[in-house]
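Q: Sequence:
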Amino acid sequence: MSQRFTVSKSDGERRPSDIQGEVNQLFEGDEPATGSSAEADGSAAGGEVLVVLKGDSIPKESSPFINSSDAAAEKSQQYDGKNMALFEEEMDTSPMVSSLLSSLANYSNLPQGSKEHEEAENNEAESSRKKPVKAPQLGTLMGVYLPCIQNIFGVILFLRMTWLVGIGGVVGTFVIVTMCCTTTMLTAISMSAIATNGVVPAGGSYYMISRSLGPEFGGAVGICFYLGTTFAGAMYILGAIELLLIYIAPQVAIFPLEGLEGPEAEAALLNNMRVYGTILLTSMATVVFVGVKYVNKLALVFLACVILSILAVYAGVIKTGIDAPDFPVCLLGNRTLIWKTFDVCSKTVETANGTVTTQLWRMFCDSPFLNATCDKYFTSNNVTQIQGIPGVASGILSENLFGTYYEKGDLIARTNMDSVEDQDDPLTNANRYVLADIASFFTLLVGIYFPSVTGIMAGSNRSGDLRDAQKSIPVGTIAAITTTSFVYMSSVILFGACIDGVVLRDKFGEGVHGNLVIGTLAWPSPWVIVIGSFFSTCGAGLQSLTGAPRLMQAIAKDGIVPALRIFGHAKANGEPTWSLLLTACICEIGILIASLDLVAPILSMFFLMCYMFVNLACALQTLLRTPNWRPRFKFYHWALSFLGMSLCLTLMFLCSWYYAIVAMVIAGSIYKYIEFAGAEKEWGDGIRGLSLSAARYALMRLEEGPPHTKNWRPQLLTLVSTDAEQNVEQPRLLSLTNQLKAGKGLTIVGTALVGTFLENYEQSQRAEQALRKLMETEKVKGFCQVTVSSNLRDATSHLIQASGLGGLKHNAVLVSWPRNWRQGDEHQTWRNFVELVRETTAADLALLVPKNVAAFPSNGERFTEGHIDVWWIVHDGGMLMLLPFLLRQHKVWRKCKMRIFTVAQLDDNSIQMKKDLTTFLYHLRIDAMVEVVEMHDSDISAYTYEKTLVMEQRSQMLKQIKMTRTEREREIQSITDSSRGSIRRKNPAAVTTQLSVTEEPPAASKDEKPEEEVQLIHDNTTPASPATPATPLTPAEGVQSPGAQVQMTWTEKCDGEPAKPPGAATPEGIKDLFNMKPEWENLNQSNVRRMHTALRLNEVIIKKSSEAKLVLLNMPGPPKNRTGDENYMEFLEVLTDGLNRVLLVRGGGREVITIYS
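Under the working numbering, the letters of the sequence shown match residues 593 to 1749, in that order.
All clues given are correct.
Label pairs and their computed distance ranges (CB to CB):
| # | residue 1 | residue 2 | range |
| --- | --- | --- | --- |
| 1 | R1454 | T1510 | 28 to 34 Å |
| 2 | L890 | A841 | 20 to 26 Å |
| 3 | A1316 | T1511 | 53 to 59 Å |
| 4 | L1173 | E1317 | 46 to 52 Å |
| 5 | R1454 | E1317 | 27 to 33 Å |
| 6 | L1284 | I871 | 52 to 58 Å |
| 7 | T971 | M1256 | 53 to 59 Å |
| 8 | P920 | R1059 | 51 to 57 Å |
| 9 | N863 | D958 | 30 to 36 Å |
| 10 | L903 | Q729 | 27 to 33 Å |
| 11 | K1371 | A1316 | 23 to 29 Å |
Each computed DSSO-like pair below joins lysine-lysine, with the alpha-carbon atoms no more than 27 Å apart:
| # | residue 1 | residue 2 |
| --- | --- | --- |
| 12 | K1487 | K1695 |
| 13 | K1365 | K1336 |
| 14 | K1489 | K1696 |
| 15 | K968 | K939 |
| 16 | K1365 | K1483 |
| 17 | K1695 | K1489 |
| 18 | K1483 | K1371 |
| 19 | K1336 | K1373 |
| 20 | K1507 | K1489 |
| 21 | K1373 | K1483 |
| 22 | K1483 | K1264 |
| 23 | K1696 | K1507 |
| 24 | K1371 | K1401 |
| 25 | K1506 | K1487 |
| 26 | K932 | K968 |
| 27 | K1373 | K1264 |
| 28 | K1336 | K1371 |
| 29 | K1371 | K1273 |
| 30 | K1487 | K1507 |
| 31 | K889 | K1163 |
| 32 | K1401 | K1365 |
| 33 | K1336 | K1401 |
| 34 | K885 | K1163 |
| 35 | K1401 | K1373 |
| 36 | K1487 | K1336 |
| 37 | K1226 | K1063 |
| 38 | K1336 | K1489 |
| 39 | K1507 | K1695 |
| 40 | K1264 | K1371 |
Source of the hints: derived by calculation from the structure; they are not laboratory data. C-beta atoms are modelled at their ideal positions from N, C-alpha and C, and glycine is treated no differently.
Turn these sequences into a full structure, and let the hints steer you where they fit.
A: Following this line, the structure appears as structure tokens:
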């Protein structure tokens, strides 16, 4: 928190120099200043000292006010007095409060209204001077209220409102109007809350939604809003053409309607709509292209037309109560006749010469004579003339309360009149009657009506021009919705109270001499409504063609939809040319549909989706209690927003369920496209807050207990090492991670750095970037973590302990076998590895150690055949069964078959074991071949003793850590010399001649048979040569370990004699065996038994699995006594010798696979 202290000069005893000196002493530890210098400082400060105390000044986010000062000049001024010296080094990143407040005071709305667009405008305008931006001057009335009125009142009110009342009835239509107006009012309340939450940028509703819901939702809703606005333009153009061709100038029709009936007449009308609609669209687009200023100048004229038309209707309603207008309707029976080609509503008229037939008679009879043959229905029923507008006091309201729905082609008949007709007779002379042009039902009426309440965003779209947007938008929008809602609701009641039902249901006014039905009610003339509505619909179409391209341009400039970037370009004056062209093309689609009743539900979908997300944004921000959510508009609540959102969703499916699904598919596709290919934007949106809240909730649920065995999957912590350039040394480890995970569950990729965090922060950032890049390349979905500690062992331990959060923690560790661990310089590597094994065991974590990880396949490789072999030595909770199954889900291993080997001892029934294992796998639903390998007890071979001897000698050598390199080499040579009497193996060419400090190829031949290795030694008199049977590994001994290529080292005699087969039955060979017995007496018998087991298992595994693509093997655990760690590494080397790809697996102490569903 910043505090401002102003110390002013007073008339008292103290001088400015005293005050200045004490302040300097407070901040700099100097002695109180005296003399002229202090007085100069005091005078420079103007007799005042400004002290600013600030907290942590590290910039957390980019801000238009940070780094916004001209560095050099202002900085020198800031440091003239020494008051700010304490913060001198931070002035570049944290400006003084005075400069911040100055920037805030001079803030003005820029046209683009977001930081990204401000930067773009600045970059484009560097070469030319910018004209000073005029301060916005529009108030609530001109800036919000009247534009909303103009946009809300539209073509539906004039062309379809009376028909809606006639079809749906006063009650049904009132319900529709109430639902729709309630939806827009709730949306306006939510929009007001969003609009008053901070400075409203120009750009209106799209910016409010996108900055509240994020780029994915913002882009999807923005494009839906754009499509809705574009189709609204098509609807207005179709409305204008309908007024022109039906009511103003029917004679200009290119495809004449006279003489056509049924489908032919309908097709001709639609074609006329298409032709004239295209012409009008082209004209309007040209006007918009030439200059928007002409559209804006005509806006008031169009608004005046709308208001005058509505006032004329109200005036007409009042007049009907005094003197009803004369608009007769002619009925034949109860059927409404089209009053076009006849003059008198009568069959005959009496004249001086007698009874004469009328034009109406001639329409239904074959001659004008009284004895003519006439239509049966015409003969049976009388002709009645009624008043189409009986007046508000006539009581007609009771007849119009409830709706009458028709199928296409049904007759528009008066419900309370009888007629004589035979139901079996076909309808004749159908073109003489008023017919229903479309099938009508309640949900259709909702879809057609809803566009008449859209337009509530008009005020927020002008936010950049408002003097006080935070005040004007809520007041103006809510006032406009209240006004229009009152007009719509009163219109429903007044139309039902003034106009007869058959006239209301006559969509095109064919029964009232082809007049616009609402025009018959208007005063002083129907032409007031016809002309007024024509110009208002043209104006609304122009407004749509003006607003939609700018909305598309704003979306394109945001860069969230890469495919739309071309539409961000504009002419030199900023007009969006390409966006206008796209808008005209989409608008033409609506024109080609050519039916107002079919286009209206389409734009209803898009507007409803837009309003739904406005409500969602407000509800989310309120429920999540986002710290920045502080709207000035206080009359909102999350429940209102949720109700508005629910109403929008309900109305979408009420209007048209298939249109609703299409709109959702479009929005969903755009969302996924932006998520997949769009530019990443961080706008502090509510969806990010929702994700955090959902993540917290999910983590709390995970804390309730460990996952069930059925849900267990390896949540991997993959430990990798980096080189000096922070590049990952084992990229194939991440390939294996991807193949094990297939994008499911948790993956954490971690690496450890040595040093202090402060000094290695940049290095850790580079390492993290390298990890992220590699994870993206290998398509590993997860998190990365870099830990810095004083040594590698502690850093790795911290990763194992601290990775994950709450219940979302790793349960398995994946680490590669330490390469070159035998080298003297690498002694710490294998020690760290053994400690890692111990730590995972202590933490009940599973451990996966791929050996020869560089030989593992990349994600792009495919095995077309081969086997994954599992050597199930000890039970580890089922890890060995589960891992091959998971691997085979990936396309790399999909075609590999699974084989499971288990080892039978002397006392085991191998046949029964195979049956049991097959049954077990069947219940596990795992498809694998089963084989039981018998390993009978055998005596320990001389070769085993020799291997143990060399291992222990090498262990002694490795303990000499403090020796210099030269001394180590000398020690190695001495060990080599001391073991010159060693027993040699067969095939000496395959044996290396000295202990090497680098990785070398395996020495043992795969073709060797156990019985060919060595003669068994039996000596009952010498206890130092035990014949110990092979000791099977117990579960306590089964642990994991990583892999690198194995080396087996042997020695030759110093005299250079070739090595002889150890099993040679020669006196010299036997003599050598017994000569070595004293050396074996000092061996650790536990190591001998372990080496024996490792060798026997290795022989069997190589015999069975040498051609396998991957071998999974139980990993024995490290010894409890730490002095034998180096021996443990040698055991694992021997165990995996000669195998190409090995995955050593150590369970985590729990069952991970189950036979139950």
